[in-house]
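Visitor: Letter by letter, the chains look like this.
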Amino acid sequence: MADVIKKATRESYGEALRDLAEEYKELVVLDADLAAATKTGIFKKAYPDRFFDCGIAEANMMGVAAGLAACGKIPFASTFAMFAAGRAFEIVRNSIGYPHLNVKIGATHAGISVGEDGATHQCNEDIALMRTIPGMTIINPSDDIEAKAAVRAALDYVGPVYMRFGRLAVPVINDRPDYRFELGKGVTLRDGNDVTIVATGLMVNEALQAAETLAAEGISARVINIHTIKPLDKDIICKAAKETGLIVTAEEHSIIGGLGSAVAEAVTECCPAKVIKIGVNDEFGHSGPAADLLREFGLSAENIVKTVKDTVSAK
Amino acid sequence: MDNAKKIALQQIACKVRMGVIEGTYNAKSGHPGGSLSISDTLTYLYYSVMNTDPKNPDDPDRDRLVLSKGHTAPALYSVLAQKGFFPEEELKSLRHIGALLQGHPCIHIPGVDMSSGSLGQGISAACGMALAGKIDGKDYKVYAILGDGEIEEGQVWEAAMFAAHKKLDNLVAVVDNNGLQIDGPISEVCSPEPITDKFAAFGWHVITADAHDFDSLEAAFNEAAGVTGKPAVIVQKSVKGKGVSFMENQVGWHGTAPDKEQYDTAMAELNAQLEAIK
Chain A
1 MADVIKKATR
11 ESYGEALRDL
21 AEEYKELVVL
31 DADLAAATKT
41 GIFKKAYPDR
51 FFDCGIAEAN
61 MMGVAAGLAA
71 CGKIPFASTF
81 AMFAAGRAFE
91 IVRNSIGYPH
101 LNVKIGATHA
111 GISVGEDGAT
121 HQCNEDIALM
131 RTIPGMTIIN
141 PSDDIEAKAA
151 VRAALDYVGP
161 VYMRFGRLAV
171 PVINDRPDYR
181 FELGKGVTLR
191 DGNDVTIVAT
201 GLMVNEALQA
211 AETLAAEGIS
221 ARVINIHTIK
231 PLDKDIICKA
241 AKETGLIVTA
251 EEHSIIGGLG
261 SAVAEAVTEC
271 CPAKVIKIGV
281 NDEFGHSGPA
291 ADLLREFGLS
301 AENIVKTVKD
311 TVSAK
Chain B
316 MDNAKKIALQ
326 QIACKVRMGV
336 IEGTYNAKSG
346 HPGGSLSISD
356 TLTYLYYSVM
366 NTDPKNPDDP
376 DRDRLVLSKG
386 HTAPALYSVL
396 AQKGFFPEEE
406 LKSLRHIGAL
416 LQGHPCIHIP
426 GVDMSSGSLG
436 QGISAACGMA
446 LAGKIDGKDY
456 KVYAILGDGE
466 IEEGQVWEAA
476 MFAAHKKLDN
486 LVAVVDNNGL
496 QIDGPISEVC
506 SPEPITDKFA
516 AFGWHVITAD
526 AHDFDSLEAA
536 FNEAAGVTGK
546 PAVIVQKSVK
556 GKGVSFMENQ
566 VGWHGTAPDK
576 EQYDTAMAEL
586 NAQLEAIK
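Just so you know, the sequences run in chain order A and B.
Quick note on the working numbering: the first sequence kicks off at 1 and runs consecutively.
Quick note on the working numbering: the second sequence kicks off at 316 and runs consecutively.
To be clear, the hints were calculated from the coordinates, so they are not data collected in a lab.
Since the model is a prediction, treat every value here as computed from it, not as a measurement.
Note that CB positions come from ideal geometry on N, CA and C, so glycine has one too.
A portion of the hints provided could be inaccurate.
[Claimed, not checked] Derived DEER-like restraints, expressed as beta-carbon distance ranges:
| id | chain 1 | residue 1 | chain 2 | residue 2 | range |
| --- | --- | --- | --- | --- | --- |
| 1 | B | V504 | A | E116 | 36 to 46 Å |
| 2 | A | V158 | B | K482 | 29 to 39 Å |
| 3 | A | D49 | B | T523 | 28 to 38 Å |
| 4 | A | T132 | B | A323 | 43 to 53 Å |
| 5 | A | R295 | B | S408 | 54 to 64 Å |
| 6 | A | D235 | B | S408 | 37 to 47 Å |
| 7 | A | P231 | B | D368 | 30 to 40 Å |
| 8 | B | E576 | A | K25 | 30 to 40 Å |
| 9 | B | T543 | A | K25 | 26 to 36 Å |
| 10 | A | A36 | B | S408 | 45 to 55 Å |
| 11 | B | D368 | A | A119 | 52 to 62 Å |
| 12 | B | D512 | A | D49 | 26 to 36 Å |
| 13 | B | P369 | A | S287 | 55 to 65 Å |
Excised from the complex, chain A in its bound form (with noise of 0.2 Å):
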């Protein structure tokens, strides 16, 4: 896999917004002093006057971004998510989300892999903060094509959006021509009936791989991409549950509130059927290279073979 191209889904959402600039007269991007690091920086040096940085004042620009979309603008209010779902969760809700404003929140830096940074600014919480708002829509993308296929996506949807991007580096597994994005729609990306791993972000090329493993090994995984939490695709999730009957959910993002618990809530009502979910347990992460502490939590392929094995096994 030597020749696998890699990239940041940060960088993704930079160059989509520089790229769609033209298109869409009415984007502008705010940030809170992060520009560098979220990319929108990419988007600010060709585009310097539809840019504004509102400093480090995540709050205000949260407000600030609902007051331009009350005007007709179409703000993309960018900064870490820690800071975007965690800090500035109650102007998000009461400001964006209640008069359900077309503010697009494009939240970096999600997750675990962060890395070095340490516990304070890796969130694994904000999927289940987000959802918690009525009317929000959560997506969260698995490469480059699908990071730049959801602002697109994004921009053609009037109403709120949280967009979820990653700093690591991460594989490219999308680029097909018959690639196509529609919100709210999972993707199964390879069919099987002994089990479904349904996995969103960087946990898919993970499920990828941990199918091809159980596959050699004589269980049958299918993988499904459920790139868009909310609205969640209950159909591709029950038809799964219904088929396969055990499901194996894989994120990058606390085991509660997030993809895991989307997909049992939904389980639940349409086909009960055993949920395990792979992701943060209920406890902080701290520093370290992003690819070792993936590998510690227990995010990886290796660990969705074993629960995948350890559930079978017991079925």
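Fit chain B to the supplied structure of chain A, relying on the hints for placement.
Guide: Frame of chain A; chain B shown alone:
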């Protein structure tokens, strides 16, 4: 200000106050004290300053107002009803299930430019609206009404920094300085004073006014209109509960609705005031 205009404004403001009492009485809840302290200011803004049209409430070129101290929605609703954005009758179902008028301002109500009520947030939205006006080269103005207790919220100062840095001279904030918040006088709870010095230090043009004197309000808003290169703030000295004798300067009337007897007394007082205006 000529006398005829002043009389007309005083009459409208008195009716706005009646709407506040009508609304909170029927809701059996709500915030009459702070609503009464900004009734004159809202009346002056909607009748003498702002470019709004009840027949076209979403006009992109209209002036905008964000009631950052959103709990005083009864005053905003009352003035919007007087202007004809919706029937006055709606005030009687304020806060009721299925009603148009929510407990705090909601953007889906005709004439309401922004949902607000969680303190400290409206001023940021007003900054965004003002920025949008700058981006599009429009000449509308944005007004944000804040409480003096509200400015204890840190977000207000994030917004204050932002507005000055971005030179939002199309933004005018009003701080309703009635001196009282829920737990008592602002000077005893966690004082935001000196308010004027703080805004000046943040780079704003600072104006003071008497919130219950239309000449003073006129002078203040005229001065604000002429400010360039920076946002303006009007710190207005007001009386919480203004216009209803037993509510004036009483912290207990921050978030308490009048009962039937109090309603009758308040309406009788306001009716007497209305008749006395000449």
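Visitor: Against the structure shown, which of the earlier numbered hints fail to hold, in ascending order?
Guide: 8
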